[in-house]
Amino acid sequence: MRRLWRQFWRKRTNPIPRSHAEKMKHTLSVIYSFMGYNALGLCLILLTQLHYPKTELEKKQP
13 MRRLWRQFWR
23 KRTNPIPRSH
33 AEKMKHTLSV
43 IYSFMGYNAL
53 GLCLILLTQL
63 HYPKTELEKK
73 QP
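Residues in the sequence shown are numbered from 13 upward in steps of one, following the working numbering.
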């Protein structure tokens, strides 16, 4: 089954140039690292707010 799927897929697709593949890999890795960095920051903010709740003065501010 795996071989049939591979033959089917290779028949209907064209290989992309290596330079384009490397460029896309670099772009996706930059996006992935940026999203990971933001997710880490969000987790740290949520943990900080969980352990240090707002004071009464901070709650009154809009």
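Derived by calculation from the structure, the hints in this document are not laboratory data.
Ideal Cβ placement from N, Cα and C applies to all residues, glycine included.
It is possible that some hints are incorrect.
What the hints assert, rightly or not - Simulated DEER-style distance windows between Cβ atoms:
1. Ser31 <-> Leu52: 44 to 54 Å
2. Lys71 <-> Gly48: 27 to 37 Å
3. Thr39 <-> Thr67: 24 to 34 Å
4. Thr67 <-> Ile28: 51 to 61 Å
5. Pro74 <-> Arg30: 49 to 59 Å
Here's how the hints hold up against the structure:
no.: 1; hint: Ser31 <-> Leu52: 44 to 54 Å; verdict: violated, 32 Å
no.: 2; hint: Lys71 <-> Gly48: 27 to 37 Å; verdict: holds, 32 Å
no.: 3; hint: Thr39 <-> Thr67: 24 to 34 Å; verdict: violated, 44 Å
no.: 4; hint: Thr67 <-> Ile28: 51 to 61 Å; verdict: holds, 56 Å
no.: 5; hint: Pro74 <-> Arg30: 49 to 59 Å; verdict: holds, 55 Å
Of the numbered hints listed earlier, those contradicted by the structure are 1 and 3.
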